Every structure is written in structure tokens, then in C-alpha cells.
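The listed protein sequences correspond, in order, to chains A and B. Start counting the first sequence at 0; every next residue gets the next number (numbering that gives the first Met the number 0). Start counting the second sequence at 0; every next residue gets the next number (numbering that gives the first Met the number 0).
Certain hints may be false.
Beta-carbon label-pair distances, calculated as ranges [what the hints assert, rightly or not]:
| hint | chain 1 | residue 1 | chain 2 | residue 2 | range |
| --- | --- | --- | --- | --- | --- |
| 1 | B | 711 | A | 142 | 52 to 60 Å |
| 2 | A | 141 | B | 772 | 15 to 23 Å |
| 3 | A | 122 | B | 520 | 30 to 38 Å |
| 4 | A | 200 | B | 241 | 36 to 44 Å |
| 5 | B | 312 | A | 14 | 53 to 61 Å |
| 6 | A | 14 | B | 203 | 26 to 34 Å |
| 7 | A | 155 | B | 490 | 56 to 64 Å |
| 8 | A | 4 | B | 312 | 55 to 63 Å |
| 9 | A | 122 | B | 723 | 58 to 66 Å |
| 10 | A | 23 | B | 660 | 50 to 58 Å |
| 11 | B | 660 | A | 155 | 36 to 44 Å |
| 12 | B | 523 | A | 122 | 35 to 43 Å |
| 13 | A | 200 | B | 105 | 42 to 50 Å |
| 14 | A | 155 | B | 452 | 37 to 45 Å |
Derived from the structure by calculation, the hints contain no laboratory data. None of these values were measured; they are calculated from a predicted model. Note that CB positions come from ideal geometry on N, CA and C, so glycine has one too.
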Amino acid sequence: MVRFSFAGEELIALRAGALFWPRRRALIVADLHFEKASWFARFGQMLPPYDSIATLADLTALVAATEARELWCLGDSFHDPRGCERLPAKAREMLTALTASLRWVWITGNHDAGLIDHCGGEIIVEAVVDGIVMRHEAEADETRPEMSGHFHPKLRLNVRGRNVARRCFVATPAKLVLPAFGALTGGLDAGHPEIVRAVGPGAEALVALDDRLLRFPLAA
Amino acid sequence: MAGVTLPPAIAGWFAARGWRPRRHQLEMLDAAEAGRHALLVAATGAGKTLAGFLPTLSELAERPAEGLHTLYVSPLKALAVDVQRNLLTPIGEMGLDISVETRTGDTPSDRKARQRQRPPNILLTTPESLSLLLSYPDSFALFAGLRTIVVDEVHAFATGKRGDLLALGMARLQRIAPGMRRVALSATVADADAYRAWLAPDGDIDAVTLVEGEAGAEPDIAILLPEGRVPWAGHSGRYAAEQVMAEIEQHRTTLIFCNTRSLAELIFQDLWKANALQLPIGIHHGSLSREARRKVEQAMADGRLRGLVATASLDLGVDWGDVDCVIQMGAPKGSSRLLQRIGRANHRLDEPSEAILVPGNRFEYLEARAALDAVEAGALDHEAFREGSLDVLAQHLMACACAAPFDEGEMLAEVRSALTYSALTAEMFARVLGFIRDGGYSLRAYDRFKRLTQNADGSWRVSHPRFIQQHRMNAGIIVEATMLNVRFNNGRTLGKVEEAFAATLSPGDTFFFAGLSCEVVRIDTEDLIVRATSRPARIPTYGGARMPISTNLADRVRGFLWDRDQWARFPDDVREWLEVQDYRSALPKPGQLLVETFPREGRHYMVAYGFEGWNAHQSLGMLLTKRMETMGLKPLGFVASDYSIATYSLEKVTDPARLFSADILEHEFVDWVQQSHLLKRAFREVAVIGGLVERQHPGKRKTGKQVTFSTDLIYDVLRRYEPEHVLLRAAWADARAKMTDVGRLANLLDRAAETMLHVDVERVTPLAVPVLTLIGRERVATGLADDALLIEAETLAAEAMRID
């Protein structure tokens, strides 16, 4: 695992698409989109009802591996405000156990604004943690360092005639956008104008491998 | 002919033209009189369509009636021109009062609604449109009096998913109209009985009368060899552009068939350069916009084109233009296909069709020769029927439920009456129903959202009208890859390319498309904006499946290698090629698998001559290099052709038998298919056809915000939590049959175990040259392949961005 520096803090970008902050022993994830499948099932598209369970299994493994003491969700944790009510019993158990095991913070996003039932944890709209703003969607005129989610950035490359696509982080000196962590969350091209507009010029896409962090400059 | 009398109007029509009904036309009338199902197998130009309709016209002439009498199903949407000539014109000339209408996806909705209330006597439609008709409650009234269904071009689609859909549709129709006669029209096929069984209710082959058309004149086929030479490399016959142009100049209208869309574009460019007389020539393939295709078709019909470069998009029906010469660029791949293509020239049975084959390399010469012999001997390719697809079944059952509630047991019996579904178990049927109901997951999370519910009497019905709407919006069998429109800045659309191809392009890149050299201006979510350029273009690789050589032709080519008596017929350089091969290495007996090993430029090559077609060889290449990796042979890559597969590695293969053992299909195969993109691609198709996810309708893809979900992610979740799911099963069936050609791969491995002939030589052999000079090599992906590619890309980017 390779550390990188952001706003004076040492951070680790994990292959799974999460961020680990060693000094605080904090895990940070974005866009879990729990119960996305059941949201679509209401409209006749019967997607596999295991997306929350899959996402929670991955989160549980990360918490165990990093021995995290806090976990921050940067919004759109549920696909819709009623998502939590639809959690299958097993997922509810997993989530309740997780939120009880460490400090858990739900920052709300556009999908889960007005979240009520949440299986534990604190709910806030945004926070400032050691001088870093944590919110769902990056604000272009924010001058403080900021971590956010929302865009589901994904790097798509063609190398030697093969298409490779990976969830990625998008970083500038003062802004860090996390990839979506949810099992059924799609991606938006990292160089998409909307992302570039939100983070400003000079952005890089960061792709975490097991033992190194790759950096790809994004065209402004 | 026993007792067939034509009504005066029809008999008079024949007489007025100095014609007599042909034997097979009368036999079709006989079969109708006897109330029997019938399969007509006949060459193009034999009056096949009319033969199919003659019993209907005869019945309606004698007893005019209201309501739907005959349903005609064709795989083609563009029926209008053909039907005009083959049906409407005769009906008009016979003075019969018979109404005929078409119904396809392009029919306006008000006419569709009216057709269900007041149907014509004869309705012309496609398998998909029929399936949609069956989803309406009034389909029972509409089809109650149906007397006949006529399935045209049955050879072209019965073995695929559209064939499954139609088979299920026929089962349904038979239930609604028990007296309905099934009639199918086919080009000449190797195994007519297989089609009889497919057509028959309950696979009862004896219920179907086989009617054979008279044989046409023998086609006049030649192999074109400029200056008597056959090149070593290449696979398209591009070197012969000038000679092909000369043929175009000498004929009224020439059709030039190419095996892929990309090749069609290249050949068109080559011909254009050689077109000193500036003759009008055109191009036609499945990626071009519909307007572009219609324009070219009209120009052909009007006799305004002298040459048309085409792909399989012209394989079917639509007989227009006065074609007097057909040219096949590259290898023909199969004798049935070649015969059908040749049949496009000269639609008169008594005149020979003229055709020219242009082989691209020496193996292709052998293949062309084999095809020519096969056509002469009347040896056609066998088509493999397979078990009916579960995703198609799901779509059909949903359509039935949209029309009316059904009983599970009765429906199962009805479905099983279609031969390809006759082995369906009650358990699997229940699982498919469960899938439609709520996804069919063992975690019962969707009880509240069910699409189907069971009534008190146990029958199944659709829970909410919106699911009926949804079904009708999404039904269909053809699932295209996500496509981008290729268009100019002024909005004019040229056609479509696959998203995966577009992803390899950047502004400033050039590619051939629609006969133009196009430069990429920019790429939007749904559009690839281009401008015409005079700069040379690189080869496009958009779309179009690659046909493997048929087993029939492959067997003949194998025979040529061994049978020296044949060599006298070959040109000098092909003969010398085989002689030197025999001297330096070996020529395999039929049934033997020759494997050669030799060093070259610091690498160790292994070439296996399987003759099992490109798909099987490509699969084998993946598996062999995987196994070489575990054996420490340090494989670097491989390249596959229809005839052979070559691997290259840092270490020498000393014991190929160990590599080719049959257990490779159990171990490496499953791993590879699961990790490769094959299954994901197959899953995407079955997820759409089965109705798990909605189709992406063109123009509705949202820009910016990502709202669709990728079926790849669904696949990952499903594989993790419900690996036995019915859709994964359907995806596997497709991956095995269509994508990996696993059957032929197994044949090759069986042969390897028994008959492998390993020859170790000190340098490259003549037989190895064609495959080694192919483009399209695959690099071996070691370990976390994508990681390695990403690291490489990062290094490149860093290098490019360095300012010093």
C-alpha cells in the first residue's frame, strides 16, 4: 500500500475504492447506493437483491483489515431515502453490527437526503475533519481542502487494443473525489467535463493497485 | 398430380404468360389439400415464395373470406419490394380480391391497432412482431381462424434465437388455431429432415411433407488468380483489385461479397482507386445507416450501379437488380453460404450463375477449391440445432402472460411441443417462471414487486398493466452492442460503430467508413463526429461476427493435403508449397493433428493445424498459453486462423501432447471463460432478452449523470451470490456454443490425444507462413493483466507529459 499526501495528511488509496487515513484510523467511502437493486425491482427490473450484502461484505472486510476506528460515508449511501427500510434482514444485521463497532458517520447526498432510519451512526450534511471538508458533492468555489463523492469517477483506457476500466480517485492539490464503492454503481469517465468543472484544472486520476498508486493526468 | 385443380383465375394467369405451374408448386398444393404441413427446399429463382402462397391464393380464390387466413413470417424487415413482386403483382394480375398487409417494427401504430381489429387475409411479419401480436388479449380472436403460417428463409434463422422465438410462437398459434398448417420455405440445405422436425408440432417429422424444387443449372464458378500467383499472406484478396475491377467492367452488375465489414470498406477503397472508368460502385453493410442502405438498394434495383461491395447483410432475400456476376473476396467459409451468394446472380433457373472466388492466401486457395468441389458435388454444410434458449423462453412466457392468464402445466406442454424445447424439465420451466415473477432469487426480497402473480386457481397473470407496457417496449431478440452514431457536424448520419471501437479513437484519428476516409472531430456520449479527409485511414474493427470455416470445407482441405493426386489441379506455387512442406516437415493424414515446433528470432514457435475454424482456435490459444504459463514455458502470445494456431514462447515446447490433453476443457476452460469478457458479453444479451434489464433506447441515454447500470456489475454480484441462476446458465450456453465453439475444440483435442503428429524442425515451415504473417496477434496476459496494462499506460502518459 502506498501512501500519498493530501492537504498535509498522509492517506492510502485502497484498491477496493476506499480511502484510509492512518493517523485517524479512519476509512472513507462514497456512493454505497445500498438497495439500488430493490429500487429498480419496484419498476419491474428484478436486479439481484444482493447488492447491499455484497457492498457490506466488502466494507466489513476492509474494516477488519485496516482496524479502522471510524468510517465516513460521503453520501448517496442509500439509493433513495427509503432504501434502509428495504434492507434484507441479513444486510440489516451486517450494517447494524458494523455501525455499532466503530464511529460511523453518514454524510447525506442527493439520493439519500432526508435519511431517517439508518441502522445506527450519525447523520450530517457535511463536516470539517482536521481542516478537511467532507461533503457529498465537490463545490467549485470551496477554498478549504475537500473530500467528496457523487461523480463515480472511472478511468477508461485503451492499451494495446484492449479497453481497461477501473474505478479511480480524482485529485487536485485541494480536492479529492472518491470513486463509488457500491457493488452496483456504474461510473462516469474521470475526464468528463462535469468532473473537471467541479475540481478545476490540473486534476489527476489515481488508480490504486496492490502495491502502487498510478497517476494519470486528466485533460482540463 | 393427384387431383390438384387450380381455380380458373390462377390457371388463367399461368396460361396467359405461357407458363405452367412447376412441379414443386403443384406438390405444395397437394400437401395443402391433404391438410399436411410442408417444407419446400428449393434454389433461389424457383418461384419459391409464390409456391408458398399458392395454396392460400387458391383457397381464397375459391372461397373468399373475411379475416386472417395466412401469416407469413420472414427474418427480414424490408419485405416490401420482394413481396410486391412475388405476391401483390400476381394477386393483382389474377384479379383476386385478397388483402395483403405488412406488420413490422416500422409499421405506424394506428395501422397496427387497426390490423388487430380488422386484419387482412394475408399478414406479412417478422418473428419479433408476431411475438408482440401474441402479447395482446385479442390475439385469440385474431388468430382463431388462421389456416396457414408460411415461414420464409427458414434456413437462415431456425437454429438461432429468433428461430426459438418463432418456434414458441408457432406452438402458441397451434393452440389457438389447432387446424393451422405450418409451411416453411428454405434454400437448399444439407439436412432437410432436421428442418422438417423443427417445423413439425411435437417434432413429428412424418407430419411434414418434404417438397423439393428442381435443380437449377450448374453454376459457373472460377477461381481468380492474377498472373497465376497466390500470395503467401493476407486473407482478403485485396491484391486482386484491378482484376476485380476488370470483371465489373465486363458485366452488367457485379456483387462483391466480403467476409467482414472492415474488409468491405478496404476493398471498396481499393476498387475505387482502380476504377479508371469511374463506374458507379457502392458499398452495403450492417453498420451503415438505414437511409444509406436503402439508397444503395434502390440504386441497385434501378440498375444504376455496376458494382456493389457487400457483406452478409445481403445474404438474405431481397432480390433486386440484374446481377450477372458474384465475386467472393477471400475464403468462402462454407459451401451452403457460397451457393446462396452465387444464387444472387441470375434469377433464372435455366441459366448458370456466374461466380468468381478470389482467395487471399494459399490455404484460402485450398478452401476455395474445396468449396468449388463441394458445390459441384452438392455437399452442403450441416447446421447445428441446439436446445432452445432460456432467455427467449422467458420473453415468450411474459408475452403469453400479457395476453391472458395461463395454467403452468398446459403452458409447459405447449412449450414442449416446440422441438428445441421438448427436453425442458418441469423444474427448469418453474425456474424460468420464477425468474419472470421476481427475478427467481433464493433470497425472496421482491415479494412486493412481483411482475407475475398466481390466481386462486393457480394460473399465472401479470400483476400490473405497466409491466405489459414494459414488456412491449423491450421485447426483441437482437441486442446490439452499445453503438455510437457516426455523423458529420452538419448532422448527416453515416451509420454506427460499436462503443468499444469508438473508445479506441481520439480526435484526429482516421478510419474508413461508408466508403469514405473519416477523421474524428470529437466524441460525445452518443455520437462520433467526423469530417471527410483525404488522409489515409487505419483499419476499422467495428462489429460484425467472424464466420469460421465449416467442418465440411475443413474436411475437404485436410483431404487435399494428404491426397497428392489432387495437387495436379493446383497452381504451381500452391503445389510447390505443399511439396516443400512434405519434404521439410510433414503433411497430416485426414484425422491427424500436425503440430510443428521450430525456433525463430529468439522465440520458440509451436503451430498446430487443427482446421476447426477461427473461434475454436482462438479459444485454444487462450487455453494453451495459460497451460504453457503454468508449465514454465514463458509464452509471449499466439495468433489464430481458420486453419491453425501458432503460439510463441521463450522456452521450447518439447512435449505438445501434455499441452493438448482433454482435461484442459475442464480446468483451464471454465476459469478462462469466467474471467474473460465472453461471459459478460453473453450475459448482457440474455439479461436484455430475458427482460432482467431494459433495453437502452437510442437517444434516451442520459448525458452526464450515469443512470444506467452495467450488466457487468450485475453479473459479478449474481456470480458471487447466486451462481446457479437461470440467466447465468443461459449465458454459459451461449458462450459455449456461439463464442468459443467448444464442440469443435473438443473434436480437436480428441484428435490430439489419438493422432498427434509432432514434428520438430530447425526453422519455419511453408505451412506455418500464412498464420505467422496474420495481423491480430494476442499477447499473453500474465497475472493481473489489466494491472500491467495500466502500469504501461501510466509510464506512457508520464513520458508524453514530461517537459524537458
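Consistency of the hints with the structure:
Evaluation of the 52 to 60 Å hint for residue 711 of chain B and residue 142 of chain A yields a failure: the beta carbon distance comes to about 39 Å. Separated by about 58 Å at the C-beta atoms, residue 141 of chain A and residue 772 of chain B break the suggested range of 15 to 23 Å. Look at residue 122 of chain A against residue 520 of chain B: about 47 Å separates their beta carbons, and that is not inside 30 to 38 Å. Roughly 55 Å separates the CB atoms of residue 200 of chain A and residue 241 of chain B, a value that falls outside the hinted 36 to 44 Å.
Checked against the hint of 53 to 61 Å, the pair residue 312 of chain B and residue 14 of chain A fails, with Cβ atoms roughly 45 Å apart. Under the hint 26 to 34 Å, the C-beta atoms of residue 14 of chain A and residue 203 of chain B, about 59 Å apart, miss the expected range. The hint said 56 to 64 Å for the Cβ distance between residue 155 of chain A and residue 490 of chain B, and at roughly 27 Å that hint is violated. For the pair residue 4 of chain A and residue 312 of chain B, the beta carbons lie near 57 Å from each other, so the given range of 55 to 63 Å is met.
A beta carbon spacing of about 39 Å between residue 122 of chain A and residue 723 of chain B contradicts the range 58 to 66 Å that was offered as a hint. At about 55 Å, the beta-carbon gap between residue 23 of chain A and residue 660 of chain B stays in the expected band of 50 to 58 Å. For residue 660 of chain B paired with residue 155 of chain A, a C-beta distance near 39 Å keeps the hint of 36 to 44 Å intact. Take residue 523 of chain B and residue 122 of chain A: their Cβ atoms lie about 38 Å apart, and the range 35 to 43 Å holds.
Here the CB-CB span from residue 200 of chain A to residue 105 of chain B is close to 48 Å, well matched to the stated 42 to 50 Å. A beta carbon spacing of about 42 Å between residue 155 of chain A and residue 452 of chain B agrees with the range 37 to 45 Å that was offered as a hint.
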